Amino acid sequence: MKQGNMLAMILAGGRGSRLHELTDKVAKPAVYYGGKYRIVDFPLSNCANSGINIVGVLTQYESVLLNSYVAAGSRWGLDSADAGVFVLTPREKADSGLDVYRGTADAISQNIDFIDQYNPEYLLILSGDHIYKMNYDKMLSAHIEQGANATIAVRPVPIKEASRFGIMNTNEAGDIVEFEEKPAHPKSNLASMGIYIFNWKDLRKLLISDMKDPDSDHDFGKNIIPTMLADNKKLIAYRFEGYWKDVGTIDSLWEANMDLLDKKNELDLSDPTWRIYSEDASSLPAYIGPEATIDRVYLTQGTTVEGYVKNSVLSTLSTVKAGAKVIDTVLMPYAKVEEGAVVTRAIVASGVKIGKGAVVGSADSENIILVSKNVKGVD
Amino acid sequence: MAAKAFGIVTSTPRRVNVYGLQDYRPAGAFTFIGKFRVIDFPVSNFSNSGIKNIQVYLNKHPKALTDHLGTGRNYNLNSKRDRLQLFYCNHHMENEVYNTDVSDYLDNLAHIEELPQEYVIIAPCYMIYKQDFSDLLNEHILSGADITMLYHKVNNAKDHFLNCRVMGVDQDQVVTSLEINRGNRQSQCVFMDTYIMKKSLFIDLVQRTAKYSSTYSLSQMLGVLIKREELEIRGVQHKGFFASVDDLQSYYESNLSMLDPKNQRDLFQDGWWIYTRTTDTNPSRIYESAEVKDSMIANGCHIEGHVEHSIIGRAVTIGKGAVVKNSIILDHAKIGDGVMLDAQIVDKYARITKTKELLNTPDQLGYVHRADNL
Chain A
1 MKQGNMLAMI LAGGRGSRLH ELTDKVAKPA VYYGGKYRIV DFPLSNCANS
51 GINIVGVLTQ YESVLLNSYV AAGSRWGLDS ADAGVFVLTP REKADSGLDV
101 YRGTADAISQ NIDFIDQYNP EYLLILSGDH IYKMNYDKML SAHIEQGANA
151 TIAVRPVPIK EASRFGIMNT NEAGDIVEFE EKPAHPKSNL ASMGIYIFNW
201 KDLRKLLISD MKDPDSDHDF GKNIIPTMLA DNKKLIAYRF EGYWKDVGTI
251 DSLWEANMDL LDKKNELDLS DPTWRIYSED ASSLPAYIGP EATIDRVYLT
301 QGTTVEGYVK NSVLSTLSTV KAGAKVIDTV LMPYAKVEEG AVVTRAIVAS
351 GVKIGKGAVV GSADSENIIL VSKNVKGVD
Chain B
1 MAAKAFGIVT STPRRVNVYG LQDYRPAGAF TFIGKFRVID FPVSNFSNSG
51 IKNIQVYLNK HPKALTDHLG TGRNYNLNSK RDRLQLFYCN HHMENEVYNT
101 DVSDYLDNLA HIEELPQEYV IIAPCYMIYK QDFSDLLNEH ILSGADITML
151 YHKVNNAKDH FLNCRVMGVD QDQVVTSLEI NRGNRQSQCV FMDTYIMKKS
201 LFIDLVQRTA KYSSTYSLSQ MLGVLIKREE LEIRGVQHKG FFASVDDLQS
251 YYESNLSMLD PKNQRDLFQD GWWIYTRTTD TNPSRIYESA EVKDSMIANG
301 CHIEGHVEHS IIGRAVTIGK GAVVKNSIIL DHAKIGDGVM LDAQIVDKYA
351 RITKTKELLN TPDQLGYVHR ADNL
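These protein sequence lines map, in sequence, to chains A and B.
Reading the first sequence from the start, the letters are residues 1 to 379 in the numbering used here.
Reading the second sequence from the start, the letters are residues 1 to 374 in the numbering used here.
Be aware that one or more of the hints could be misleading.
To be verified - No more than 25 Å apart at the CA atoms, straight line, and that leaves these computed lysine-lysine pairs for BS3-like:
| id | chain 1 | residue 1 | chain 2 | residue 2 |
| --- | --- | --- | --- | --- |
| 1 | B | LYS262 | A | LYS356 |
| 2 | A | LYS205 | A | LYS187 |
| 3 | B | LYS293 | A | LYS353 |
| 4 | A | LYS336 | B | LYS262 |
| 5 | A | LYS356 | B | LYS293 |
Claimed, not checked - Quick look at which bits of chain A chain B covers, simulated, 3 or more residues with Cβ under 8 Å:
| id | segment |
| --- | --- |
| 6 | 48-62 |
| 7 | 285-292 |
| 8 | 295-308 |
| 9 | 360-371 |
Stated by the list, open to error - Chain B regions said to be covered by chain A (calculated; three or more residues, Cβ under 8 Å):
| id | segment |
| --- | --- |
| 10 | 267-274 |
| 11 | 286-298 |
| 12 | 342-353 |
Everything labelled a hint here was simulated from the structure, so no lab data went into it.
Note that this is a predicted model, so its numbers are computed, not measured.
All C-beta atoms in this analysis are idealised placements derived from N, C-alpha and C, irrespective of residue type, glycine included.
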């Protein structure tokens with residue numbers, strides 16, 4: 001650990017079952033977003049841009065694709081001799097059987113041996129399924145300056161919605177005095193983002209005793225943080241003000257994609273100083289045919305448009321054929337809308353084909369439709 | 001099979017002269033359809049053919065290509081057995097006539113001799129085509145010829161390919177002549193500067209050429225040998241898309257020809273990827289005021305104006321009310337609000353905001369220099 005003394009662990013084991021068929025075959029962090037990215041590109045790129053060289057990715061649910069994707073650390077520039085992205089799935093050890101990760105804290109506990117190899121001073125815990133840009137190095141500076149035992153990133157949410165989140169109650173100095181999971185009567189509007197910095201030596205001790213506690217859920221929010229508060233440790237809240245999305249549902253995934261169409265969108269993926277790295281397809285640039293109409297579209301290389309597209313995100317190698325209409329829709333990679341088909345307010349999953357003349361979705365539907373199977377054409 | 005040969009990508013030959021663009025970079029580093037460099041085609045052809053020992057020769061402005069090619073990792077040349085070598089050759093500033101491929105090879109002869117492969121396949125840095133070199137090598141070995149030369153039949157040689165060589169090929173595919181295209185016939189077999197021979201013959205020819213004339217290129221020498229009927233030289237016809245980027249007009253036409261889906265399908269085939277250095281540029285944004293037709297758009301663009309029959313490179317901005325027609329806009333250029341462009345090639349980082357009109361025609365192209373402010 002030459003360049004930094006902080007190691008990052010990304011919790012990427014969740015299924016994300018509210019994303020329905022999108023996560024049948026892949027874990028939520030591997031879901032496509034924004035034309036060319038997968039959600040896990042965001043925490044990984046943030047790590048790379050923050051100067052963190054060693055990243056462990058904890059996977060569990062449907063992890064084959066995710067494992068092979070993140071293992072190629074070169075995508076994020078994390079493949080030099082002193083850097084690496086390591087896939088950490090539950091494994092059988094000499095002194096214990098094969099256990100699934102029982103909770104967020106347990107996932108770290110089961111990999112203490114991995115972390116010890118690098119002997120970091122600080123440990124950064126991240127979630128693999130959030131879309132945001134954040135400099136973790138600045139968060140570490142706050143952690144060190146204030147001599148904290150743990151630092152938790154928080155963001156202000158509307159007080160009306162605060163009861164849906166894990167809420168941090170702080171004193172005037174910004175120290176956390178209380179943590180409430182989904183409080184009925186929230187006292188503060190600072191929601192935890194699931195991003196923690198710990199002093200590794202202290203956390204290591206806590207994790208070892210937590211592992212032995214039969215009553216524990218082995219969860220950072222439910223067990224580790226309350227234990228630290230009870231022990232009078234110094235926990236501080238680190239405020240984050242930028243764009244942040246937990247795309248837990250089809251509607252929120254669609255909305256996060258639509259945010260990219262705004263000229264002044266907060267996420268700003270074009271910032272050259274904070275690139276989000278991903279895989280670049282060896283394809284042609286986007287091709288717009290002579291009869292095409294495109295109006296407010298976010299599109300990436302490899303897309304082919306010969307029809308009409310409005311208010312939509314077109315991902316790598318997606319196709320809109322002549323006479324087809326795509327409105328208020330996200331086409332995931334390799335999705336294809338054939339001649340004369342009409343797609344409105346939908347997410348068309350990767351590789352799905354909408355047949356000739358088919359009509360999918362409607363302009364006044366309450367929810368966004370997920371199209372995850374080929375739709376037959378109408379002749 | 002493939003491992004029997006190594007590949008050479010030549011430096012920019014003297015007769016290639018692309019106005020403006022070439023002041024900043026060699027021909028291999030020219031941007032193609034807003035995303036690739038011309039040299040991506042020969043290097044990807046080699047890599048896809050399983051030929052993973054590749055020598056790339058550079059003379060003027062080596063930086064553009066050393067940056068771009070790097071260690072070859074983007075070209076799938078990243079195992080320990082693969083090797084992409086970049087050779088910088090002495091450029092004879094005092095007298096351009098000395099700058100030949102032969103002088104490049106003589107400078108690096110030891111590095112050619114040390115390679116274990118029996119055959120060499122030579123491909124130019126300034127031509128665009130898809131070719132499976134392992135098929136071509138098989139054909140060469142089976143034919144028993146000393147040299148196999150690749151050619152493309154064209155029907156517009158009177159006013160195109162004027163910087164290329166054309167060859168005569170008889171019914172038995174024997175090459176009967178090789179000379180500069182003088183534009184006297186429409187129908188010609190254009191030599192694609194691509195040829196195969198044994199490494200031992202190659203080294204012998206390089207040394208013989210140097211003795212024959214210090215200003216001769218290897219293809220000039222081939223012309224002499226063909227006349228003498230000294231060697232068995234066979235021609236093989238290439239089918240599919242082919243372009244030679246050797247002047248501004250051919251640069252322009254080869255780019256815009258990719259707006260034809262037939263050419264796209266021909267040059268970019270599944271499983272035969274054209275690799276390039278990736279930049280992790282975000283997708284492009286087309287705003288509500290924009291109108292885009294019959295064009296190619298690379299990533300990272302902001303388009304608010306009208307774009308028609310054009311190629312737009314990476315991270316280009318086209319302002320409101322701007323009209324870009326029949327043009328090629330290279331990376332990071334900015335076209336301001338209300339600016340009208342027709343038949344322009346706008347080089348990288350140029351900004352056109354104060355000049356409101358640059359209107360040329362496709363046979364009388366306009367060119368805007370790199371990073372100029374207009």
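A quick look at each hint next to the structure:
A hinted pair counts as satisfied when its Cα atoms are at most 25 Å apart, and LYS262 of chain B with LYS356 of chain A qualifies at roughly 22 Å. Restraint check for LYS205 of chain A and LYS187 of chain A: not satisfied, since their Cα atoms lie roughly 31 Å apart, outside the 25 Å limit. Restraint check for LYS293 of chain B and LYS353 of chain A: satisfied, since their Cα atoms lie roughly 24 Å apart, inside the 25 Å limit. The suggested pairing of LYS336 of chain A with LYS262 of chain B holds, with an alpha-carbon distance near 19 Å, which does not exceed 25 Å.
Proposed proximity of LYS356 of chain A and LYS293 of chain B is supported: the alpha carbons are some 23 Å apart, at most 25 Å. Residues of the segment 48-62 of chain A with a Cβ under 8 Å from some Cβ of chain B number 0, which does not satisfy the need for three, so the listed coverage is violated. With 8 residues carrying a beta carbon less than 8 Å from a beta carbon of chain B, the segment 285-292 of chain A meets the three-residue requirement, and the given coverage holds. Residues of the segment 295-308 of chain A with a Cβ under 8 Å from some Cβ of chain B number 7, which satisfies the need for three, so the listed coverage holds.
Taking a C-beta to C-beta cut-off of 8 Å, the segment 360-371 of chain A contributes 0 residues in contact with chain B, too few for the three needed, and the coverage statement is violated. Coverage of the segment 267-274 of chain B by chain A holds. Counting CB-CB distances below 8 Å, 3 residues qualify, and the rule asks for three or more. Residues of the segment 286-298 of chain B lying with their CB closer than 8 Å to a CB of chain A number 12, which satisfies the three-residue condition for coverage. Against chain A, the segment 342-353 of chain B contributes 0 residues with a C-beta closer than 8 Å to a partner C-beta. That does not satisfy the three-residue criterion, and the hint is violated.
Checked against the numbered hints given earlier, the structure breaks hints 2, 6, 9 and 12 and satisfies all the rest.
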